[in-house]
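Trainee: For reference, the chains in residue letters:
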Amino acid sequence: MTRVACALLVLLGVAAVYSASRLAFGSARAPETGFFPTLVALALALFSGLALAERPENPAPLERGGSARLWIVTGATAAYAALIQPAGFLVSTAALLLLLLRGIGRLSWTASVAMALGASIATYELFTRLGMPLPAGFLPI
Amino acid sequence: MGVWESLALGFSVSLTPANLAYCFAGVLLGTLVGVLPGLGSAATIALLLPVTYKMPPTSALIMLAGIWYGSMYGGSTTSILLRVPGESASVMTCIDGFEMARRGRAGAALGIAAFGSFIAGTLGLVGLMLLAPPLAEFALDFGPPEYFALTALGLTLVSFLGTSSAPKALAMAALGLLLGTVGLDPVRSEARFTFGVLSLQSGIDLIPMVMGLFGFSQVLHLVARPLVAEAAAQAPRGFLALLPNRQEWRAAAPAIGRGSVVGFLVGLLPGAGGTISSFVAYAIEKRLSRHPERFGRGAIEGVAAPESANNSATASGFIPLLTLGLPANVVMALMLGAFMLHGITPGPTLLAQKPDMFWGLITSMFVGNVMLLVLNLPLIGVFAKVTRMPAAYLVPVIVLACLVGAYGVNNNAFDILVMVGFGVFGYYAERTGFSLAPLVLAFVLGPLMETSLRQSLILSQGGFDIFVTRPISVVLLGIAVLMLVTPVLRWMGRRYVASRIAPKTGS
Chain E
1 MTRVACALLV
11 LLGVAAVYSA
21 SRLAFGSARA
31 PETGFFPTLV
41 ALALALFSGL
51 ALAERPENPA
61 PLERGGSARL
71 WIVTGATAAY
81 AALIQPAGFL
91 VSTAALLLLL
101 LRGIGRLSWT
111 ASVAMALGAS
121 IATYELFTRL
131 GMPLPAGFLP
141 I
Chain V
1 MGVWESLALG
11 FSVSLTPANL
21 AYCFAGVLLG
31 TLVGVLPGLG
41 SAATIALLLP
51 VTYKMPPTSA
61 LIMLAGIWYG
71 SMYGGSTTSI
81 LLRVPGESAS
91 VMTCIDGFEM
101 ARRGRAGAAL
111 GIAAFGSFIA
121 GTLGLVGLML
131 LAPPLAEFAL
141 DFGPPEYFAL
151 TALGLTLVSF
161 LGTSSAPKAL
171 AMAALGLLLG
181 TVGLDPVRSE
191 ARFTFGVLSL
201 QSGIDLIPMV
211 MGLFGFSQVL
221 HLVARPLVAE
231 AAAQAPRGFL
241 ALLPNRQEWR
251 AAAPAIGRGS
261 VVGFLVGLLP
271 GAGGTISSFV
281 AYAIEKRLSR
291 HPERFGRGAI
301 EGVAAPESAN
311 NSATASGFIP
321 LLTLGLPANV
331 VMALMLGAFM
341 LHGITPGPTL
351 LAQKPDMFWG
361 LITSMFVGNV
371 MLLVLNLPLI
381 GVFAKVTRMP
391 AAYLVPVIVL
401 ACLVGAYGVN
411 NNAFDILVMV
421 GFGVFGYYAE
431 RTGFSLAPLV
441 LAFVLGPLME
451 TSLRQSLILS
461 QGGFDIFVTR
471 PISVVLLGIA
481 VLMLVTPVLR
491 WMGRRYVASR
501 IAPKTGS
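Protein sequence lines, in the order shown, are assigned to chains E and V. Numbering (the numbering used here) for the first sequence: 1 to 141. Numbering (the numbering used here) for the second sequence: 1 to 507.
Hint data in this document are derived by calculation from the structure and do not stem from the laboratory. Mixed in with the good hints, there may be bad ones.
[Claimed, not checked] Covered, in the sense of this in silico footprint (three residues per stretch, anywhere, with C-beta under 8 Å from a C-beta of chain E), are these stretches of chain V:
| hint | stretch |
| --- | --- |
| 1 | 164-172 |
| 2 | 175-185 |
| 3 | 238-252 |
| 4 | 400-406 |
| 5 | 414-420 |
[Stated by the list, open to error] Footprint (simulated), chain V over chain E, 3 or more residues, beta carbon under 8 Å:
| hint | stretch |
| --- | --- |
| 6 | 12-19 |
| 7 | 30-39 |
| 8 | 90-97 |
| 9 | 103-115 |
| 10 | 119-131 |
The beta carbon of each residue, even a glycine, is placed where N, CA and C say it ideally should be.
If we strip away everything but chain V, and leave its shape as in the complex, we get:
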């Protein structure tokens, strides 16, 4: 099937009235949770997973995906007007976005964020469309050793990207793997770490866990240290105020282009996603700029680049999930959960077996991006009001969402306790500098990692050479080992140098 036939098939699915409505509901909800600081897209998708059980699978995926990229549009509004990131991926936008707003260019900042997001989102989708099919075909030959190598590399990458301490992140990844083993052994169905609790037999459920880690923990942050918003900037009035002027466009256009490419590449990496891509895009813009001193003082490139990057990263983040069945970030892990809920395993065979779902989902994102642009420009004034929602209202909203989400999975009150437990854990983990992304990703990848490791060892009759004699797995594992060993070597090198210098200075 050529590209055009595929697109035609996809649009025939995504442009049906029902799917248009689901897409609209998703992007609208996504924008709102993006605007609200404290309630993220991960918690929202987790909340809606049980509801999507009754929906047609393709419609469910279209709506959940809409929440994800919609939240990227919404997050920038809060950053620019309030200097508080609505989503973690718009942290970088706070710096120059709020500065622009203070200088009376809030409209241009919001406008360029929306236009940049649209352009980058669309470019990212073109990349996804062109790259996913050949990659899926390539991945058909993957066996257990390749899958083990991929999961190992994924967990190593997530532990080294965007975390301040690699040992802490690796500890979280190990804990995630350990939590993933709770329940029945995937090969022999023997109970592990259930301690006689019946509810643990089927393992820890992903949804209450995510609601706790990303929803309830935010509540605890809010009540323990109330969010003090700085004086909000004046929201722009009228549509014309959102249009950047010619000079601003000239500065922003190359930044949008570079941001799109950077975001797309970073988004492919496991664990990186929108947040890291916006950091990288901002840093690159500042490095390339002829006037780096303008950054932090309201440079429009400082809004355009990270906002573009986080949107193209959402598009490319779908590639590992749709072609390999491997989620690259927490939201993709929940999307994997949505596929599984409907009895579908995403991976290399998805494109061949369900082309209507594959292309329907991708084309719906083109549609959703257009909706977001049309929705965002006139309604920014309304969304700006939502950003001022004080914690007194925000806390009950998030708590209610977490309770219904956790209870709704199995209609089981035990899941509420699991949610509260992970909420307290998540709060203290973040306070003490442990990041939660490696934990969740490891939890999701754990069963696949264990099964592929055990199958590989049985295949090779106990020899670890199976991982180094196959070209793909040796390359992937090589990169992982290199990342793990480099800091140790650097540390030993420093010790060596220090030991050679110390006696000389002493004498």
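Next comes chain E alone, as it looks inside the complex:
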């Protein structure tokens, strides 16, 4: 896993060098837009290559269900980004919190629903009053 991470960073560095090569490089006398990005992308490829050469060790494996929970939370939060404008802050936040409290945290339905609604409404009120508007969505508020 660690070697894959190092290798991905090497690839990212090489891709960035390629992408930066389409920008004007200039010269040391008159460095242009692509000058600095090319240098740091080379450095990225070089240092992650060195990290790969260190033969790094892998982390301890997760317990069962660990990565499933990880990707459920990640996917749900990414879906939240798509929902917040059309559905509004209150609905989408309450739904996400319900998933976290009931689905991941294994709290009772009553407690989960109460806390999800309470926390969403309190946050909405607090931040709207602090002058940070949150989207209302389709709710008439």
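Here the structure of chain E is known, so what remains is to put chain V in place on it, guided by the hints.
Mentor: This is chain V only, laid out in the frame that chain E set:
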């Protein structure tokens, strides 16, 4: 302006009722996030940055600074009672602090952590007060080559301090610099690495990035591998239980003094900050002790030294930011963001142009330290209850904070995706041994580094001699090169020795 007039000016700003209230809100919030494992001061400050936009600039800085040093007080409570660090800077406190608690001296451990933090925080502020003005004056002469050298040295230091693998840390620094180039070129305003995405034109925003790297990634750690707290130690009851006895004071007092000095010096270094300073202070105490075998078995010096060090390091961490405009750690990078949000560039001219803000901020930290001492001693029982908050509640709290923080910067749902992306990245980076501090610091320093490099080269007409003919830049770059080259030389030396020995053993 003499020291006393400056202090009077500062206190006239920091003691106004509004600023006292902001300071109190900051230190209280800081203590709470310090107590909560998983939610750190960096993520909290990032969350509150958009809120501070509407506040007077000095009040905003006073509150954000309060979160930072307040979290140092709170972190020790969780370490001592639960053996789980509430903040990364209180990792060392877990060892002897929890041991003391198990032996029924939880009160003394919590008490000495609070007193040590107060004494060291105050000493650190005196150092900040005396050192910052002359340094700011000195830095007025800095040109592009000096700034380039400073950023280069900063990134090298952050990559070599407290990381297990220098290549990994340097790779993260390079990635941070690369991410910093996304958006418009600072000199020519040409788009770079935007791939036609409009939201990327203005570059990647620091706040969603930090919320992801330090907030959302913690959520992923919590759900992937639930935090199993060991049986919590009994929290002390009553105020008197917090007072260390005479013998404990005698052992702890020199440790607090040494911890303060060590913390102050380490805190000045870019990237070091509270965590490393507490490691160093603990190691020094153990080395100097006549009974090193007591460490790990409930030695009060093992609590006093690291807790003092991380507090004086927070004070000295302000020096590079206030005098050079260079953030020494992630929290200072966010403070820089707070300055910028209000159109103020911290640096050598800050003291001359805004003395009320400069001294107001520094004196507010004296006030905040007193508040923390008064707040912590009677309320430790309450904070002890917060430490037992299970992950089932903690996860939604952090997620909600990250969502509001990321969305609130620009009212843009794209920033939530950026936050989630950096959260997943941060999770896997930490799992595979890449540290995130070099990445964030490089991201913040990147534009300054690029501009100063390009300006220096234009000044010298393409000659790199401009960096070696100016005394300050040659010294700074010399140190950086030495740090980079030493491991390579050591490796080559080992290879050489091995190649000379191998044939002999073979024959």
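Trainee: Indicate, hint by hint, whether the structure satisfies it.
Mentor: Hints, verified against the model:
Beta-carbon proximity to chain E at under 8 Å applies to 5 residues in the stretch 164-172 of chain V; the threshold of 3 is reached and the given coverage holds. By the rule of at least three residues with a Cβ nearer than 8 Å to a Cβ of chain E, the coverage given for the stretch 175-185 of chain V holds, with 5 such residues. For the stretch 238-252 of chain V, the assignment as covered by chain E is violated, since 0 residues bring a beta-carbon within under 8 Å of that chain's beta-carbons and 3 are needed. Residues of the stretch 400-406 of chain V with a Cβ under 8 Å from some Cβ of chain E number 3, which satisfies the need for three, so the listed coverage holds.
Judged by the Cβ-Cβ criterion of 8 Å, the stretch 414-420 of chain V is covered by chain E as claimed, because 4 of its residues qualify and three suffice. Note: the stretch 12-19 of chain E has 4 residues with beta-carbon separation from chain V under 8 Å; the three-residue rule is met and the coverage holds. A stretch counts as covered by a chain when three or more of its residues have a beta carbon under 8 Å from one of that chain; for the stretch 30-39 of chain E and chain V the count is 8, and the coverage holds. Coverage of the stretch 90-97 of chain E by chain V holds in this model, with 3 residues showing a Cβ closer than 8 Å to a Cβ of that chain against a need of three.
Coverage of the stretch 103-115 of chain E by chain V holds [criterion: at least 3 residues with CB-CB distance below 8 Å; count 5]. Counting residues of the stretch 119-131 of chain E whose C-beta sits closer than 8 Å to any C-beta of chain V gives 5, which meets the bar of three, so the coverage hint holds.
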